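A.B. asks: Now for the letters of each chain:
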Amino acid sequence: MLAPEEWGIVALSLKVGGVAVLATLPIAFALAWILARHRFPGRVVLDALVHLPLVLPPVVTGWLLLIAFGPFGPVGRWLESWFGVSLMFRWTGAALAAAIMALPLMVRAMRLSIEGIDRRLEGAARTLGASPWHSFWTISLPLALPGVLAALVLGFARSIGEFGATITFVSNIPGETRTLPLAIYSALQVPGGETMVTRLALLSVALSLGALVLSEWLVRRTHGERQRHGD
Amino acid sequence: MAIDIDVAKRRGERTIAARFTAGPGLTALFGPSGVGKTSILNMVAGLLKPDRGHIRIGERTLFDGAVDLPPEARRVGYVFQDGRLFPHRRVRANLTYGFDLADPGNRWMSFDEAVAFLGIGDLLDRWPHSLSGGEAQRVAIGRSLLAAPEILLMDEPLSSLDAARRGDIMPVIERIRDELKLPILYVSHDRAEVDRLATSVVAIGE
Numbered sequence: 001m002l003a004p005e006e007w008g009i010v011a012l013s014l015k016v017g018g019v020a021v022l023a024t025l026p027i028a029f030a031l032a033w034i035l036a037r038h039r040f041p042g043r044v045v046l047d048a049l050v051h052l053p054l055v056l057p058p059v060v061t062g063w064l065l066l067i068a069f070g071p072f073g074p075v076g077r078w079l080e081s082w083f084g085v086s087l088m089f090r091w092t093g094a095a096l097a098a099a100i101m102a103l104p105l106m107v108r109a110m111r112l113s114i115e116g117i118d119r120r121l122e123g124a125a126r127t128l129g130a131s132p133w134h135s136f137w138t139i140s141l142p143l144a145l146p147g148v149l150a151a152l153v154l155g156f157a158r159s160i161g162e163f164g165a166t167i168t169f170v171s172n173i174p175g176e177t178r179t180l181p182l183a184i185y186s187a188l189q190v191p192g193g194e195t196m197v198t199r200l201a202l203l204s205v206a207l208s209l210g211a212l213v214l215s216e217w218l219v220r221r222t223h224g225e226r227q228r229h230g231d
Numbered sequence: 001m002a003i004d005i006d007v008a009k010r011r012g013e014r015t016i017a018a019r020f021t022a023g024p025g026l027t028a029l030f031g032p033s034g035v036g037k038t039s040i041l042n043m044v045a046g047l048l049k050p051d052r053g054h055i056r057i058g059e060r061t062l063f064d065g066a067v068d069l070p071p072e073a074r075r076v077g078y079v080f081q082d083g084r085l086f087p088h089r090r091v092r093a094n095l096t097y098g099f100d101l102a103d104p105g106n107r108w109m110s111f112d113e114a115v116a117f118l119g120i121g122d123l124l125d126r127w128p129h130s131l132s133g134g135e136a137q138r139v140a141i142g143r144s145l146l147a148a149p150e151i152l153l154m155d156e157p158l159s160s161l162d163a164a165r166r167g168d169i170m171p172v173i174e175r176i177r178d179e180l181k182l183p184i185l186y187v188s189h190d191r192a193e194v195d196r197l198a199t200s201v202v203a204i205g206e
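Chains as they are written, first to last, in our numbering: chain H, 1 to 231; chain D, 1 to 206.
In short, the hints are calculated from the structure, not lab data.
From a predicted model like this one, the values you see are computed outputs, not experimental measurements.
Nothing false has been slipped in among the hints.
The calculated SDA-like cross-link candidates involving lysine to any residue, where the alpha carbons are at most 20 Å apart (straight line), are:
#	chain 1	residue 1	chain 2	residue 2
1	H	15	H	90
2	D	49	H	132
3	D	49	H	119
4	H	15	H	173
5	D	49	H	131
6	D	49	H	121
7	D	181	D	56
8	D	181	D	2
9	D	9	D	61
10	D	49	H	120
11	D	181	D	119
12	D	181	D	170
13	D	181	D	195
14	D	181	D	201
15	D	181	D	25
16	H	15	H	88
17	D	49	H	122
18	D	49	H	37
19	D	49	H	38
20	D	181	D	113
21	D	49	D	70
22	D	9	D	204
Some residues of chain D that are not near chain H, with every Cβ distance over 10 Å (derived):
#	residue
23	1
24	17
25	25
26	32
27	65
28	67
29	92
30	112
31	120
32	132
33	160
34	164
35	175
36	190
Note that beta-carbon positions come from the ideal geometry of N, C-alpha and C, so glycine has one too.
Generate the whole structure from the sequences, applying the supplied hints.
C.D. replies: Rendered as structure tokens:
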């Protein structure tokens with residue numbers, strides 16, 4: 001049904017999106033927790049920084065990544081000399097761009113559900129003998145789970161749709177950084193590429209819908225079970 | 001076991017202060033709403049830090065100038081006004097939460113004993129949101145008893161219940177007082193409730 005080239009594009013998109021979202025998840029959760037629970041000087045600045053990729057033109061985000069992670073950039077030079085790693089023109093760079101773009105959406109989704117937790121339940125857990133960590137793992141985190149799942153889906157959808165920052169940062173290299181949106185863009189540039197565009201566009205729709213259905217199912221499983229069994 | 005409490009805490013414009021000793025039985029902290037009775041319980045439980053004073057249970061110091069035990073180390077059970085059951089755990093898992101965390105050497109009631117004592121055997125597989133107010137309060141009491149406390153704090157545990165349910169729960173509280181012989185600090189603003197349940201009364205006023 002799919003040509004090997006199309007399979008390659010889909011596989012690359014899933015890899016980039018999956019790695020981006022899973023690597024971002026702990027960082028985004030920590031940021032969401034800090035922003036939801038703590039008051040400290042510089043909180044507004046942190047909040048603004050987290051949201052920046054949401055409001056900046058993606059090309060600008062890509063350009064900033066290029067400056068930071070390029071061979072002469074502060075982070076890029078450090079990565080190169082210590083680990084011999086370069087993200088330039090690599091799928092890992094595409095994953096980084098996708099992660100940065102997904103971060104604000106993931107933080108927002110989880111922050112909302114963390115703010116929704118009744119903190120008095122954590123106090124009750126403490127009086128029953130739970131340390132702060134035990135209370136976090138057994139009470140706070142499970143109660144925040146619907147938000148974590150929503151963040152995973154939103155972040156994944158944002159990641160596999162990423163275009164501007166990716167093409168600016170890691171260019172459009174077949175088999176390495178050419179994810180679905182970049183492939184659609186490339187096909188549009190080729191005379192007679194309309195069939196390819198249509199097929200890739202339909203694939204995009206299928207992937208996004210799949211993610212949505214999966215998340216709906218997960219949320220129902222974790223959240224709705226209580227309701228079902230209760231009644 | 002003597003409970004020796006002398007605490008003060010500034011909250012905004014006013015100061016919440018209390019000094020009393022409580023012996024065995026049920027000690028009612030009685031007074032109008034809004035004088036900080038719940039804050040006093042929170043200080044005993046370790047959820048609120050006093051500005052000064054001390055809290056001792058028998059030989060153990062929970063709080064003074066040098067000591068400030070975290071709530072999980074105090075062995076102070078707490079039954080809240082609203083039950084405060086964990087919504088993502090069934091009744092059984094709510095009951096075992098503190099039991100599993102307690103030092104086995106400190107436990108003085110088994111799971112089956114608590115279930116029988118409170119008559120909640122039929123509720124074990126239910127989710128908290130499906131319980132009535134009276135059922136939820138029974139489970140909340142069981143949950144705190146199973147965590148092996150040395151004293152029990154109760155913050156208006158009847159106030160969210162209708163008259164019939166109160167009649168169900170009152171004997172449970174009396175049996176905790178008389179059969180289990182667990183010292184209880186009991187916050188209430190209801191005269192009739194205090195008259196029926198209290199061994200001694202501490203008036204908390206302005």
